[in-house]
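A.B. asks: Note that the protein sequences, when read in sequence, are chains R and H. Residues 1 to 518 in the working numbering are what the first sequence spells out, letter by letter. Residues 519 to 876 in the working numbering are what the second sequence spells out, letter by letter.
It is worth saying that the hints were derived from the structure and are not from the lab. Please read these numbers as outputs of a predicted model, since none were measured by experiment. One should not assume that every hint holds.
Derived CB-CB ranges, DEER-like [claimed, not checked]: (1) Q395(R) / G586(H): 35 to 45 Å; (2) G183(R) / L861(H): 25 to 35 Å; (3) K384(R) / L861(H): 53 to 63 Å; (4) N496(R) / L861(H): 43 to 53 Å.
We treat Cβ as the ideally placed atom computed from N, Cα and C, and that holds for glycine.
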Amino acid sequence: MEDIIYIEKEKFHDVALEYRKKGYDFLRSLTGIDWGEDGLGAIYHLENTSTKENIVLKTLTLRREDPHLLSVADIWKGAEFNEREIYDYFGIQFIGHPDMRRLFLREDWVGFPLRKDYDMSLNPLRMSNEETSNDTQFIEVLPDGSVIKHRDLLFDNDEYVINIGPQHPATHGVLRFRVSLEGEIIKKLDVHCGYIHRGIEKMCESLTYPQTLALTDRLDYLGAHQNRHALCMCIEKAMGIEVSERVQYIRTIMDELQRIDSHLLFYSCACMDLGALTAFFYGFRDREKILDIFESTTGGRLIQNYNTIGGVQADIAPDFVSKVKDFIKYLRPTLKEYHDVFTGNVIMQGRTKGVGVLSREDAISFGTTGGTGRASGWACDVRKRHPYAAYDKIQFDEILYTEGDCFARYMVRMKEIEQSLNIIEQLIDNIPEGDIQVKLKPIIKVPEGTYYSAVEGSRGEFGVFLESRGDKHPYRLKFRSTGLPLVSAMNTMCRNAKIADLIAIGATVDYVVPDIDR
Amino acid sequence: MFDFGIITKWIHDWLLSFMPMGLATVIECMLVGIFIILLYLVVAVIMIYMERKVCAAFQCRLGPNRVGPWGTIQLVCDVIKMLTKEIISIRSSDKFLYNLAPFIVILASVMAFSCLPFGRGIEVLDFNVGIFFLMASSSIGVVGVLLAGWGSNNKYSLIGAMRSGAQMISYELSASISLLTIILLTDTMQFSEIVMRQEDTWFIFKGHIPAFIAFVIYLIAGNAEVNRGPFDLPEAESELTAGFHTEYSGMHFGLFYVAEFVNLFIIAGVAATIFLGGWMPLHIAGWENFNAVMDFIPSIVWFFGKTLFVVWLLMWMKWTFPRLRIDQILTLEWKYLIPISMLNLLIMTIVVVFKLHF
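Construct the entire structure; sequences and hints are all you get.
C.D. replies: In structure tokens form, the structure reads like this:
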């Protein structure tokens with residue numbers, strides 16, 4: 001249960017600005033909630049990146065028709081997409097937001113689905129195509145208290161706008177960019193999300209806690225294990241369950257294997273996006289070995305369903321330790337081969353160095369955690385900031401680069417593979433004996449309160465916000481997406497870059513679309 | 519060494535024995551036309567098969583291996599599939615240009631292909647400005663690519679076409695200058711003459727340093743001219759899905775595909791002819807027995823051996839390097855390759871004037 005500071009909505013922008021001046025420069029998570037009679041509102045998790053202090057702010061409005069809150073998008077850039085998400089889900093309009101559109105759902109969607117009084121029958125399955133709207137709105141409040149909406153155009157009519165995605169080989173899934181070009185140079189980029197939106201957060205509200213676990217693996221499928229770890233941790237924290245040492249070790253090892261798996265796939269896809277088709281196969285060949293290790297213990301390769309509340313599904317396979325050791329022995333020299341075939345290549349360096357620079361300030365402001373943030377010199381590793389599982393018992397380096405360009409982002413991930421190997425090496429021989437599962441009641445009920453816990457996913461901080469009312473269903477479950485801040489920073493990174501740079505930036509930022517859309 | 523000229527002369531005499539000169543010429547032209555088109559197809563199939571196998575070897579895979587021995591029938595199946603596929607017409611395209619484009623590309627490719635001397639006495643188009651004609655006809659291809667991009671009425675295609683316009687025309691320059699370097703050494707543009715003059719030594723050895731520089735520049739520029747990786751920007755599948763031929767399907771796409779591979783063969787064939795002696799066996803002055811052994815290998819084997827070796831070099835390049843960016847590709851050409859090849863031309867002039875070559 002966290003302490004939440006309640007702030008009246010009229011004062012919210014000023015108070016937020018004060019906190020920002022005090023050093024709370026990182027908006028960890030922004031969650032919209034419908035408290036029913038008590039109003040519609042938002043919860044802001046803030047962190048001071050220099051002192052690592054955390055606070056939680058809350059604001060709400062009692063109006064259900066046409067609710068308004070003040071936007072903080074000018075204070076934290078990362079709020080821009082999150083506020084659009086809240087608008088999409090709850091209909092709260094943010095005053096002063098530069099681009100108040102729906103983010104995931106169709107433009108012609110009726111109602112706001114995460115409100116508790118939402119009527120599902122309003123939105124039958126539509127068989128018509130969605131018209132791409134070129135309009136956006138900016139909401140302003142006048143001194144006398146009345147609100148006016150300004151219509152605005154996203155792109156001028158004479159701009160050369162092309163669609164990159166949703167079906168495009170380099171967007172790694174169904175993400176769509178609308179890009180305004182001048183020759184080959186990108187003038188503006190607009191992100192369209194929602195092509196794989198499944199409403200996981202809404203679904204979770206009608207599922208029991210053990211059932212919600214199954215959906216986390218489907219968010220960032222390259223961080224399946226870590227996502228589930230985060231949710232399990234959050235529920236365990238709420239219920240006050242202590243998992244055994246053995247489980248902590250197994251979870252840590254699995255998280256790191258998953259990270260290597262994800263980074264190998266990142267390497268492959270980055271190579272392919274930059275046109276080096278051969279290196280692509282190298283990464284995939286070696287990733288297969290991790291998947292085999294996963295398979296023998298968890299039964300799954302991509303989606304593992306391994307963590308449970310209070311433990312793990314099954315004990316590690318008898319040959320797990322030896323297989324992991326063999327893999328570590330195999331991968332170290334292979335990484336050198338990767339660098340020989342791709343990293344040292346002059347074309348690759350020409351394509352990535354100095355391209356898509358994201359400054360440290362922007363990285364923090366957007367909240368681009370993970371490799372992208374660390375490439376900009378922001379020490380944002382959750383494993384170091386808020387150690388969990390077995391991470392406080394081991395030694396590893398947080399890889400930091402300061403350039404913030406594509407090459408730095410690439411190198412951070414390649415170096416992180418080595419660090420993950422180090423972490424696994426420290427743990428694999430000392431997995432303590434113990435239970436793999438805490439005995440729990442058949443029906444899990446989480447005590448009333450709000451809880452937030454985060455893990456370092458494969459591409460950044462993956463957080464779970466849980467508000468419980470003591471039921472067997474969560475009242476509100478929000479996943480802090482690792483990918484949403486990344487795509488929200490794309491417009492900043494891609495300005496005045498070339499089309500080919502967009503591909504390089506997309507490849508090195510390494511977003512996974514189901515995690516953005518949820 | 520066997521001269522195929524004997525066979526052609528025999529056919530010519532046999533035809534003349536019962537028909538007038540005019541009719542015989544017409545029939546011979548038709549025979550040669552059929553021969554060239556068949557050879558074109560065979561080469562395309564060989565090239566595609568080779569590409570698949572070479573690429574598979576680089577990528578730790580096996581490549582096609584199910585249909586026929588070592589997957590050789592796979593290509594035939596692919597051709598049949600391609601021929602039977604529907605050609606989808608695009609509603610808002612410029613119908614005439616859209617349909618014309620693949621034929622221009624294939625026309626340019628076939629014309630350039632006919633210039634190659636495949637063996638002793640197998641030369642289809644062989645006249646005193648052969649190289650000039652080859653450069654001219656192969657550069658018509660860019661028109662087809664531009665038309666394809668424009669006619670498809672697709673934004674990706676248009677970007678691809680713009681890229682290819684910038685790239686192919688620029689790289690034509692340094693490719694031509696590097697060929698000119700060798701023409702300085704030979705003082706002829708006729709392919710058969712060029713090959714004959716390499717009887718003692720191939721030009722890459724004869725012209726030593728400048729010839730070698732020209733060879734490397736020609737390989738780079740030639741690779742860029744046929745839009746192959748790392749210069750495959752006009753199609754750049756991870757950026758523009760398929761670039762200028764995004765909207766083409768069925769055999770229309772097939773024509774682009776075939777032309778791409780045969781253009782690669784042409785570039786390699788020209789490189790082999792100009793720098794590596796074409797069908798001329800490896801002769802070393804003074805080693806009479808060695809030269810005699812070399813002469814036993816048929817000229818056509820020499821030509822295809824050298825060409826496929828160069829093709830293999832280019833494939834190696836393609837499957838290893840990442841793709842360049844458009845500004846980098848133009849920088850490479852205008853700031854590096856052209857100055858270097860101009861300077862190289864000057865060095866070659868000095869070498870020729872002062873007889874510093876072998």
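A.B. asks: Next, verify each hint and record whether it holds.
C.D. replies: A quick look at each hint next to the structure:
{"no.": "1", "hint": "Q395(R) / G586(H): 35 to 45 Å", "in the structure": "violated, 57 Å"}
{"no.": "2", "hint": "G183(R) / L861(H): 25 to 35 Å", "in the structure": "holds, 31 Å"}
{"no.": "3", "hint": "K384(R) / L861(H): 53 to 63 Å", "in the structure": "holds, 55 Å"}
{"no.": "4", "hint": "N496(R) / L861(H): 43 to 53 Å", "in the structure": "violated, 35 Å"}
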